[in-house]
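*Asks:* The chain contents come next:
Protein chains: 2
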Amino acid sequence: MEVESRYVAVRHHVEGLPSEDDFEVKAARVRWWPESGEVLVRNLYLSVDPYQLNRMKRRSASHLAVDGIVPGERIDAYGAGEVVASACEEYKEGDVVAGVLGWEDYTLFRPSPGVLMSKLAASDDLPLSHHLSALGERRRRRRRAPRHARMQFLLICLSVSVAPGGDRWIEHVAGTSGMTAYAGLYEVGRPEAGEKVFVSAASGSVGSLVGQFAKLAGCYVVGCAGTNAKVDLLKNKLGFDDAFNYKDEPDMKSALKRYFPDGIDIYFDNVGGETLEAALANMNTYGRVALCGVISEYTDAGHRAVPDLLEVIYKRITIRGFFAWDFLTRFAEFTGVISDWIRQGKVQVIEDISDGLESVPSAFAALFSGDNIGKKMVKLA
Amino acid sequence: MEVESRYVAVRHHVEGLPSEDDFEVKAARVRWWPESGEVLVRNLYLSVDPYQLNRMKRRSASHLAVDGIVPGERIDAYGAGEVVASACEEYKEGDVVAGVLGWEDYTLFRPSPGVLMSKLAASDDLPLSHHLSALGERRRRRRRAPRHARMQFLLICLSVSVAPGGDRWIEHVAGTSGMTAYAGLYEVGRPEAGEKVFVSAASGSVGSLVGQFAKLAGCYVVGCAGTNAKVDLLKNKLGFDDAFNYKDEPDMKSALKRYFPDGIDIYFDNVGGETLEAALANMNTYGRVALCGVISEYTDAGHRAVPDLLEVIYKRITIRGFFAWDFLTRFAEFTGVISDWIRQGKVQVIEDISDGLESVPSAFAALFSGDNIGKKMVKLA
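So the protein lines, in turn, are chains A and B.
At position 124 of the first sequence (counting the first as 1) the number is 389 in my numbering, and the numbers step up by one without a gap.
At position 118 of the second sequence (counting the first as 1) the number is 383 in my numbering, and the numbers step up by one without a gap.
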């Protein structure tokens with residue numbers, strides 16, 4: 266069986282703000298045959314995430330944890346799809362899977378401990394797209410780690426443990442925006458009822474969930490975003506106590522002083538830069554910063570936060586970088602809790618879905634111009 | 266009874282590098298009488314610490330936790346002395362005390378829950394000066410906190426708890442270099458045997474103890490300091506695995522790469538600035554930064570570290586500011602452990618003692634020119 270399968274590639278390493286022109290859609294054919302041992306998936310939804318930009322750079326701290334992307338080659342990405350052919354017991358034609366697929370029409374994979382793929386239950390009552398946004402699949406597999414633990418994974422991995430024999434293994438797990446929001450807020454932020462939480466990029470895929478989770482934890486929550494429509498969404502649909510358009514605030518420090526007269530206890534940081542500096546200046550003693558993303562630095566490495574470390578010391582602040590999958594032992598709990606919240610209407614899942622593989626480049630570029638609201642993904646025809 | 270008691274004051278707020286000229290020794294008389302309820306202490310040793318510079322500034326994040334110093338007025342400081350007159354049951358003439366005294370010949374205090382003072386046991390076999398350096402006194406007292414919890418304390422304070430009646434109280438405790446080193450290394454750094462520890466300002470009062478404690482925890486320890494004599498001390502007397510003079514290293518990042526080919530797991534930061542940036546660049550996944558001091562920023566607020574937050578995220582690094590007294594529940598253990606280590610010769614206490622109250626200004630200024638080795642203090646005649 267052979268199918269036409271276009272894929273999206275970068276033409277070259279991308280160092281600054283990405284544009285559609287940095288990408289091309291390339292034609293290819295994918296061949297599957299019964300003896301291949303492989304599974305052929307027709308992709309239905311593909312995730313479009315800012316962190317991929319770091320993989321597209323020639324050099325990036327990102328490459329310490331996630332492989333760089335090679336110009337001209339296919340790009341792996343989280344997604345959901347339908348099995349159209351399988352040479353493997355575990356998967357049947359018609360099964361719906363979520364896991365590491367690619368920015369392409371069809372993905373071929375060989376089930377192995379190193380491959381992240383979950384079969385969704387037929388009884389699953391939530392929209393398939395939610396498996397790329399609020400929900401997350403869990404799959405724990407073990408394989409011997411390569412020497413320097415640089416691995417081919419994405420929203421995946423990386424709790425290194427020592428196996429009984431003394432060998433080092435790496436446990437893989439897939440995470441999504443929901444898992445990132447949950448782990449970052451609850452495990453890094455550790456909110457208590459009544460605490461004050463500030464979320465930047467609050468209408469984004471992670472931020473929109475963090476704010477709602479923090480409200481469910483009994484916190485006072487203020488978010489910032491870059492358009493008035495986003496601010497409206499935060500205040501009127503997502504239940505944030507308050508929200509503001511950071512573009513209307515020439516002085517972020519005094520803006521935060523207005524929105525947090527009693528100080529900030531937890532800052533969920535998606536942007537870095539001056540916003541982090543201003544949050545530290547307004548933070549209370551024993552404040553926590555959950556450092557999830559520094560999107561202001563993704564497109565401009567020279568644009569960095571210059572935190573006042575005296576404040577960090579005298580206020581005994583903790584700044585912690587994290588990945589969702591550092592908390593994999595709690596993933597089963599996360600998925601259950603988040604699913605229930607969605608079913609009960611306590612959490613709104615905001616998704617921003619573009620149509621067709623050819624829209625991946627514009628969808629990706631839009632992430633950095635602030636055009637998306639909620640989780641950005643592409644639905645294939 | 267009335268005694269002549271000179272005191273050291275600042276002539277004005279001190280904003281940059283301090284010099285002797287910023288200080289003056291002023292004459293005063295202190296009067297004690299039996300009905301005063303007060304205790305008169307002749308000061309024997311006075312602690313000289315870099316953090317006092319932040320108190321001397323007109324504005325500083327320091328003032329969030331510790332009162333600023335008023336030009337012309339006496340300056341409270343940790344010290345040890347001998348009771349020469351007492352109107353209080355608890356203290357007798359001849360008792361030796363350690364606690365919050367002042368940069369002055371005699372200190373008068375009225376025992377109260379708000380005053381930090383410990384009577385040393387007559388059986389104490391360690392040098393009195395050690396109570397200002399490696400050891401620490403513990404005194405837990407309760408008093409009603411002022412409204413905004415800004416308090417007149419130094420190496421003191423600040424675990425806010427809610428008393429049974431719902432009132433807020435503040436528990437005071439005194440900390441010293443030993444407590445800071447112990448708490449920062451063990452509670453913030455959480456070393457495991459075999460981990461790699463980097464200490465800046467490693468020949469200083471805190472750094473010299475951190476390195477020795479880390480060796481006792483089974484770690485590989487490298488320190489940096491600013492003179493070859495200090496480097497010798499670290500390597501040949503204090504048992505560091507290696508040490509280097511940072512002034513000989515134009516590129517700190519590559520220097521650390523040489524000294525830590527397997528990366529840094531814990532960075533005990535006393536200096537901030539480029540050293541912190543370089544340590545982050547050389548840090549391993551799940552690295553911890555115990556942020557104890559940023560002396561490079563004390564004298565120049567414009568001189569700030571610009572950490573690469575992408576590294577902090579992708580390496581899941583935790584940066585945490587701390588005070589020793591955040592860990593007051595473990596102080597009794599700390600004091601016991603450190604005393605034993607000193608008696609057993611496992612820990613060397615390095616002290617740099619100047620003579621006479623009039624040497625306080627030069628001793629203080631020397632902290633910022635890198636002239637001191639170990640704990641800086643002044644012994645009064």
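Bear in mind the hints are in silico, worked out from the structure with no lab data behind them.
Please note that a few of the clues may not be correct.
What the hints assert, rightly or not - Below, in silico cross-link-like pairs of lysine-lysine (PhoX-like), each with a Cα-Cα straight-line distance of 20 Å or less: (1) 500/A / 512/A; (2) 322/A / 580/B; (3) 522/B / 500/B; (4) 502/A / 580/A; (5) 580/A / 322/B; (6) 512/B / 500/B.
What the hints assert, rightly or not - A few chain B positions that, by computed beta-carbon distances, are all more than 12 Å from chain A: (7) 278; (8) 292; (9) 299; (10) 307; (11) 359; (12) 391; (13) 512; (14) 553; (15) 559; (16) 633; (17) 638.
Idealized CB from N, CA, C, for every residue including glycine.
*Asks:* Please go over all the hints and tell whether each is borne out by the structure.
*Replies:* Hints versus structure:
Pair hint residue 500/A plus residue 512/A holds up; C-alpha atoms about 17 Å apart against a cutoff of 20 Å. Restraint check for residue 322/A and residue 580/B: satisfied, since their Cα atoms lie roughly 17 Å apart, inside the 20 Å limit. This hinted pair checks out: residue 522/B and residue 500/B have alpha carbons roughly 19 Å apart, not beyond 20 Å. Straight-line distance between C-alpha atoms of residue 502/A and residue 580/A comes to about 34 Å, which puts the hinted pair past the 20 Å bound.
The hinted pair formed by residue 580/A and residue 322/B meets the criterion: a straight-line CA distance of about 17 Å does not exceed 20 Å. At roughly 17 Å between alpha-carbon atoms, residue 512/B and residue 500/B fall within 20 Å of each other, so this suggested pair holds. Residue placement check: residue 278/B keeps its beta carbon more than 12 Å from all beta carbons of chain A (closest about 16 Å). At roughly 34 Å from the closest C-beta of chain A, the C-beta of residue 292/B stays outside 12 Å, upholding its exclusion from the interface.
Distance to chain A confirms residue 299/B as a non-interface residue, since its nearest Cβ pair spans about 41 Å, more than 12 Å. Every beta carbon of chain A lies more than 12 Å from that of residue 307/B, the smallest distance being close to 33 Å; the non-interface claim holds. No Cβ of chain A comes within 12 Å of the Cβ of residue 359/B; the nearest lies about 38 Å off, and the non-interface call holds. Look at residue 391/B: its CB is around 29 Å from the nearest CB on chain A, clear of 12 Å, so calling it non-interface holds up.
For residue 512/B, the non-interface assignment is confirmed: its Cβ lies about 22 Å from the closest Cβ of chain A, beyond the 12 Å cut-off. For residue 553/B, the shortest C-beta to C-beta distance to chain A comes to about 10 Å, within the 12 Å cut-off, and the non-interface label is violated. Taking the minimum C-beta to C-beta distance to chain A, about 4 Å, the non-interface status of residue 559/B is violated against the 12 Å cut. Here residue 633/B stays apart from chain A, with its beta-carbon at least about 15 Å from theirs, past the 12 Å limit.
Every CB of chain A is more than 12 Å from the CB of residue 638/B (nearest about 23 Å), matching its label as outside the interface.
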